[in-house]
Amino acid sequence: DTGVSQDPRHKITKRGQNVTFRCDPISEHNRLYWYRQTLGQGPEFLTYFQNEAQLEKSRLLSDRFSAERPKGSFSTLEIQRTEQGDSAMYLCASGREQPQHFGDGTRLSIL
Amino acid sequence: AQSVAQPEDQVNVAEGNPLTVKCTYSVSGNPYLFWYVQYPNRGLQFLLKYITGDNLVKGSYGFEAEFNKSQTSFHLKKPSALVSDSALYFCAVRDWAGNMLTFGGGTRLMVKP
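Sequence order for the protein chains is D and Z.
All residue numbers for the first sequence refer to our numbering, where the first residue is 1 and numbers rise by one.
All residue numbers for the second sequence refer to our numbering, where the first residue is 1 and numbers rise by one.
Hints should not be assumed to be uniformly reliable.
[What the hints assert, rightly or not] Calculated lysine to aspartate or glutamate pairs in the EDC-like style (CA-CA distance at most 20 angstroms, straight line):
1) D:Lys71 - D:Asp86
2) Z:Lys49 - D:Glu97
3) D:Lys57 - Z:Asp95
4) D:Lys71 - D:Glu56
5) Z:Lys58 - D:Glu78
6) Z:Lys49 - D:Glu44
7) D:Lys71 - D:Asp24
8) D:Lys71 - D:Glu44
9) Z:Lys49 - Z:Glu64
10) Z:Lys112 - Z:Asp95
[Unchecked claim] Residues of chain Z placed beyond 12 angstroms of chain D at every Cβ, according to the derived structure:
11) Gln38
12) Gly62
13) Glu64
No lab work stands behind these hints: they were computed from the structure.
Note that the Cβ used here is the ideal one computed from N, Cα and C, for glycine as well.
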């Protein structure tokens with residue numbers, strides 16, 4: 001069990017730039033989740049995939065955000081035209097049923 | 001809509017003493033309840049879950065939690081705290097039909113030697 005892997009661990013970018021994060025779930029897990037965690041808060045749900053199908057999206061996921069999971073394996077989360085408010089830790093989790101197993105996250109800092 | 005409340009931002013306890021971290025929830029139907037722990041600059045580590053069955057659930061690292069349906073609570077407990085238990089603890093809930101977890105705001109546990 002190699003765990004959920006996220007890349008990069010840290011990303012610093014200028015406001016207005018696009019960023020993409022990658023998540024590699026535990027290999028036998030068909031469910032994949034993205035959450036956002038701001039400082040001092042609990043994680044907030046963004047979106048959920050079962051295999052390659054994106055089945056649920058939060059209202060937090062504005063038009064600037066897009067997530068994919070081609071072939072039902074790894075997933076990417078892209079943020080276009082980043083804003084200051086996008087600064088957060090982006091967490092990926094995977095599972096078969098429950099519980100969800102989390103990666104160490106990608107910390108995004110917007111200059 | 002489902003929600004979780006962790007009423008204490010921080011809990012302080014001396015090493016060797018019992019600890020309790022409180023959690024109350026609101027959800028439609030039967031709840032799925034979880035506790036996770038987070039260390040600095042790391043993701044969330046699963047501690048334990050309640051789906052159905054016995055109200056007292058045992059988990060990793062000597063932690064346990066008690067499900068109380070009438071009080072809609074799921075408090076995390078440990079009989080004897082360790083300094084290494086110091087971390088941020090999150091309670092989460094999911095309804096039986098959904099997939100997303102809703103987390104509380106977290107409770108920082110400080111265990112002093």
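Comparing the hints with the structure gives:
1. D:Lys71 - D:Asp86: Roughly 28 angstroms separates the two Cα atoms, so the pair is violated.
2. Z:Lys49 - D:Glu97: Given pair Lys49 (chain Z), Glu97 (chain D) holds - Cα atoms ~12 angstroms apart, limit 20 angstroms.
3. D:Lys57 - Z:Asp95: With a Cα-Cα distance of about 16 angstroms, the restraint between Lys57 (chain D) and Asp95 (chain Z) holds, given a limit of 20 angstroms.
4. D:Lys71 - D:Glu56: The hint holds at about 18 angstroms.
5. Z:Lys58 - D:Glu78: Measuring from Cα to Cα gives roughly 38 angstroms; hence the hint is violated.
6. Z:Lys49 - D:Glu44: holds, 19 angstroms
7. D:Lys71 - D:Asp24: Holds: Lys71 (chain D) and Asp24 (chain D) sit about 12 angstroms apart, inside 20 angstroms.
8. D:Lys71 - D:Glu44: Cα-Cα ~25 angstroms, so violated.
9. Z:Lys49 - Z:Glu64: At roughly 9 angstroms apart (the allowed maximum being 20 angstroms), Glu64 (chain Z) and Lys49 (chain Z) satisfy the hint.
10. Z:Lys112 - Z:Asp95: Violated: Lys112 (chain Z) and Asp95 (chain Z) sit about 36 angstroms apart, past 20 angstroms.
11. Gln38: violated, 9 angstroms
12. Gly62: holds, 18 angstroms
13. Glu64: It holds; Glu64 (chain Z) is separated from chain D by about 16 angstroms at its closest Cβ, greater than 12 angstroms.
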